[in-house]
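Asks: Knowing the structure of chain P, use the given hints to seat chain L on it.
So the sequences go chain by chain: P and L. Start counting the first sequence at 1; every next residue gets the next number (full-length UniProt numbering). Start counting the second sequence at 1; every next residue gets the next number (full-length UniProt numbering).
In short, the hints are calculated from the structure, not lab data. Just to be clear, a hint being listed does not mean it is correct.
Here are the computed lysine-lysine pairs in the BS3-like style, where the Cα-Cα straight-line distance is at most 25 Å [claimed, not checked]: (1) P:Lys137 with L:Lys138; (2) P:Lys138 with L:Lys138; (3) L:Lys149 with L:Lys192; (4) P:Lys137 with L:Lys137; (5) P:Lys217 with P:Lys87; (6) L:Lys344 with L:Lys361; (7) P:Lys36 with P:Lys361; (8) P:Lys361 with P:Lys344; (9) L:Lys137 with P:Lys138; (10) P:Lys345 with P:Lys361; (11) P:Lys29 with P:Lys361; (12) P:Lys345 with P:Lys36.
Here are a few chain P residues that face chain L, going by a calculated C-beta distance under 7 Å [as the list claims (entries may be wrong)]: (13) Leu9; (14) Glu18; (15) Gly242.
Note that beta-carbon positions come from the ideal geometry of N, C-alpha and C, so glycine has one too.
Here is what each chain is made of, one letter per residue.
2 protein chains.
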Amino acid sequence: MNLQKHVSLNINVRGLGESPTLAINERVKLLQGQGKKIYNFGLGQSPFPVPAPVVEALRLHAHEKDYLPVKGLSALKEAVAGFHRQKDLVEANSDCVLVGPGSKELMFLLQLVFYGEIIVPTPCWVSYVPQAQILGKKISLLHTSFEDKWHISADRLRQHLEGEQDLYRPRILVLNYPGNPDGLTYTADELKEIARVAREYEIILLSDEIYGQLHHKGGHVSVARYYPEGTIISSGLSKWCGAGGWRLGTFTFPQSLDWLMESMAAVASETYTSVSAPIQYAGVQAFRGSMAIERYLWNARRILSVLGQRCYRNLADAGVRVHAPEGAFYMFPDFSPFSRRLAKKNVLNSTMLCERLLQEKGVAMLPGRAFERPHEELTARISYINFVGNRSLAAGETIPPHQELPADFIQAHCEDTLAGIEAIVDWLEE
Amino acid sequence: MNLQKHVSLNINVRGLGESPTLAINERVKLLQGQGKKIYNFGLGQSPFPVPAPVVEALRLHAHEKDYLPVKGLSALKEAVAGFHRQKDLVEANSDCVLVGPGSKELMFLLQLVFYGEIIVPTPCWVSYVPQAQILGKKISLLHTSFEDKWHISADRLRQHLEGEQDLYRPRILVLNYPGNPDGLTYTADELKEIARVAREYEIILLSDEIYGQLHHKGGHVSVARYYPEGTIISSGLSKWCGAGGWRLGTFTFPQSLDWLMESMAAVASETYTSVSAPIQYAGVQAFRGSMAIERYLWNARRILSVLGQRCYRNLADAGVRVHAPEGAFYMFPDFSPFSRRLAKKNVLNSTMLCERLLQEKGVAMLPGRAFERPHEELTARISYINFVGNRSLAAGETIPPHQELPADFIQAHCEDTLAGIEAIVDWLEE
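So that you can see chain P by itself, here it is in the shape it has in the complex:
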C-alpha cells in the first residue's frame, strides 16, 4: 500500500509553501551551516533580548499549568488595556482585549470570522494574502508608490470605496505603521484624514501597531485616537519586547465591535484554546511596564535610529531609491535606478534580485513580491538587524540617555550590518 498516491488536499492549500519570512531564515541557517558568510537581512525578528524583568517574571510563573480563559488572563488584559491608554492615549477596556498566540494567528481568525471585504495597501506584511488563500478568500490590494512613501492617502481610499458601487459593504482596512516592510509611519494629520473617510463609509480599521513602541523617536500615534469606535489595535510582545518566539499577540477592540471579538474567541476555543499560561503571566510584567523597560526601549530605539539612518544614507548615496526609516528595523529600497544594469545581469524581477544577491554576495533579503508588489518591480525588504542585540544594548546602556551615540558606535557594534549594505552597493556597481 502506498498512501502517498492518495494525496488529498484542500485545493486552497495545495502548493502553499512556508511563509517567506520563516523560510528565508531556515535557508540562511542552512547556508551558514555550510560555512558560507551570510548577511541575514531576511528575518523580521528583534535583535534585542527580552527585557530582564520580563524573563524573570516567566521564571517566577514557570509552574503555572492551568488552562487560562480563552480571551486571556484577566491581569494581562488589564495590563494591555492600560498600556494602550497610557502609550496611545486611547480609551481601552480590558473586557475588549483578546490575547492570542501571536497577532498573526489573531489576524487569521479575523479573516476567518469576518464576512466582508478586506483591504490592504501594498507593500504589506507577507501573511495577509496567504491567509486569505487558505480560507478561500480574496483580499483587495491597493498598490501605493515610492513617491507616496508607500502610504495610502485618504483620497485614494475614498476613490476605492466609491469605485465598488456598494458604498456600505462590510469592510476592514488594514493599516500597519511603523510599517513592515518599509519602516515608515503616518503623520497624525494623515491618520486623521483616513479616520474621517473610514467613519464616513463605516469601515472597520485594523491598525497593526506592533512596531509602535519602536518608532525611532518614541513618537508613535495611533489612528484609534481619531476613530476610536471603529479601530482594532493589534499589538504584542514580538517586536518591542524582543519576544517573537514567545508567541503572544493582542487585539484591542472598541465596544461596538464586540461581536467580532466574541466570534474570534469562539473559534479560538476550538483551536488554540488559550495562550501558554506562563507566557501570559510574564506578559503582564511586559505590558505593565517599568523604568527598566522604558530604559530598554530608549536604548533599542536609539540604536535602531542611528543604524537605520546610516544604512539609508549608504544606500541613497549609491543611488538606490529609499526613504529614511522612521520606525521598526526595515527599509524597502527600490533598485529601479539600476534596472538597465541589472537587466544586463539578467535580473528582471525582485525574486531574481534577491536570489542573485544571496548567491553572489551572501546578502539575504526578501523580494518585493513577497509583500504583494508587482513582480517586475525591483524592490526588496532589508531588516537591518544582523547584529548582536544584547551586546549592543549593553554598550548603549553605558552612554547617558541624553547623549548621542558616539560616531564609532555603529562601526563597533553593528559592523556586519554595514558590511552587508556595502556588499549590496558593491554588487550594484559591479
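Replies: Below, chain L alone, put in the same frame as chain P:
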C-alpha cells in the same frame, strides 16, 4: 455611527459558542465566586502539577526568544520520536514530528488541509464537530453503544466503509484511547482488527493517544504498532504531564503521510508560526523522560486508578450503567435506568440532566450531547479530578511503589470527589 448594526460574520461561525469544556469551567468559577459549593466534574484538566524537572527546564530556558522552526525545535522533535519509540514500540522519525500549540490546534489544521471524509466514533471529544462546522465541513459520526464499551468494532467500521459505494474515497478515522469522555481503551486484539480494515481500505488513522501514559496500569498499546504506514499519533504535554495550560501538542506521522504534515506546517507558518520557544525547550525534558517523571507517572496512575474504581463502584452500586475506568480521568455513565424517575422531574435529555444536577446539587458535568450523543440519551461525562493534585501526589510518594494505597487514602485526599459522586447518587434517589 453604530458599527454593531453591521454585524457581518461568516455563516459557519454565527452562533458558535465557546467550547463546552472551557465554558463549564468559566461557569463553575462564576458559581464558586458567588460562594456556592461546586463539585467540578466538568473540566478535563489533569489535577497534578507539572513534574518538577520540567518546570525547572522552563525556568532555565526562560530567556529563549527566537522564533523556532515551524515544525518544532529539533531537539524536541527528537525527544518526541524517541518517546514514541520507547513507550509505544513504534518506528518514529523526528523528521515526521509536528509540534503545535495543543493537539486541538493540530486537529483543526488536519481538518483544514485534508480533503476527504473524517470519521469519528461517538461519544467523542467535544471539538471535532465544531471544528468541522467552522470550516464548513461535515464529519461522519458513527454512534457506538454502552454495550460495546463505547468502542467501534472492525466489523462496524467495514460496514460503514462499504455503505458509501465509494470504497477508496480519502478518509481519516479518528480513534481516541484511553478515551475522552469514557476513560476506556481498546485491547491489542481490537486494535489489530481495526488496523486490518484500515489497511484494506487505505484509510488514514488519527490515533489520539494523549491519555496513553495515563492508562491506569501503564499498559497503553498504540494502533501504530499494527498499522505503522497509515497512523498518525497525537500526543502532547496536556494530560500525562499536567501542563494543559502550557499548550504543546504533537502529531507524529508515518513517512508516507509527509504530504499531510507539510501542508499542515505551511498553514501553521501563516497562523501560529511556531510553539512558544521556552515551552518547547521545557518539552524536551518532558519527552526525554527521567526516573523522576516515571515516578510521577506511577503515582498519578495509582491515584487515578484507585479513585476511578471507587467512583465507578459507588455509581454502579446505585444502579447507574457505567464501565470501570481503564485510563485517563473520565467516566461516561448512562443514567437511563433512572429515566422514568428523571422524567417525573422533567429531566428529558442530557442537557437537562446536567443543568439540574448543577443547580440542585452543585455537581458540574458535561452532557452526553456535547460528545455528539443523541440528546435524549441520559449520559454525561464525569471528570473525577476535583481534588488537590499536588497534595495527593506528595502523599502518594510517601507510599512505596510496590505497595497498594491504604484504604483511607482516597477518603483523606480525594474527599470532595467522593462527595460529588454521593451527591449524584442522592439526587437520583430523591
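Asks: Taking the hints in turn, state whether each one holds.
Replies: Quick rundown of the hints versus the structure:
{"no.": "1", "hint": "P:Lys137 with L:Lys138", "in the structure": "holds, 20 Å"}
{"no.": "2", "hint": "P:Lys138 with L:Lys138", "in the structure": "holds, 24 Å"}
{"no.": "3", "hint": "L:Lys149 with L:Lys192", "in the structure": "holds, 17 Å"}
{"no.": "4", "hint": "P:Lys137 with L:Lys137", "in the structure": "holds, 16 Å"}
{"no.": "5", "hint": "P:Lys217 with P:Lys87", "in the structure": "holds, 14 Å"}
{"no.": "6", "hint": "L:Lys344 with L:Lys361", "in the structure": "holds, 18 Å"}
{"no.": "7", "hint": "P:Lys36 with P:Lys361", "in the structure": "holds, 10 Å"}
{"no.": "8", "hint": "P:Lys361 with P:Lys344", "in the structure": "holds, 18 Å"}
{"no.": "9", "hint": "L:Lys137 with P:Lys138", "in the structure": "holds, 20 Å"}
{"no.": "10", "hint": "P:Lys345 with P:Lys361", "in the structure": "holds, 14 Å"}
{"no.": "11", "hint": "P:Lys29 with P:Lys361", "in the structure": "holds, 16 Å"}
{"no.": "12", "hint": "P:Lys345 with P:Lys36", "in the structure": "holds, 23 Å"}
{"no.": "13", "hint": "Leu9", "in the structure": "holds, 5 Å"}
{"no.": "14", "hint": "Glu18", "in the structure": "holds, 5 Å"}
{"no.": "15", "hint": "Gly242", "in the structure": "holds, 6 Å"}
Comparing the model with each earlier hint shows no violations; every hint is respected.
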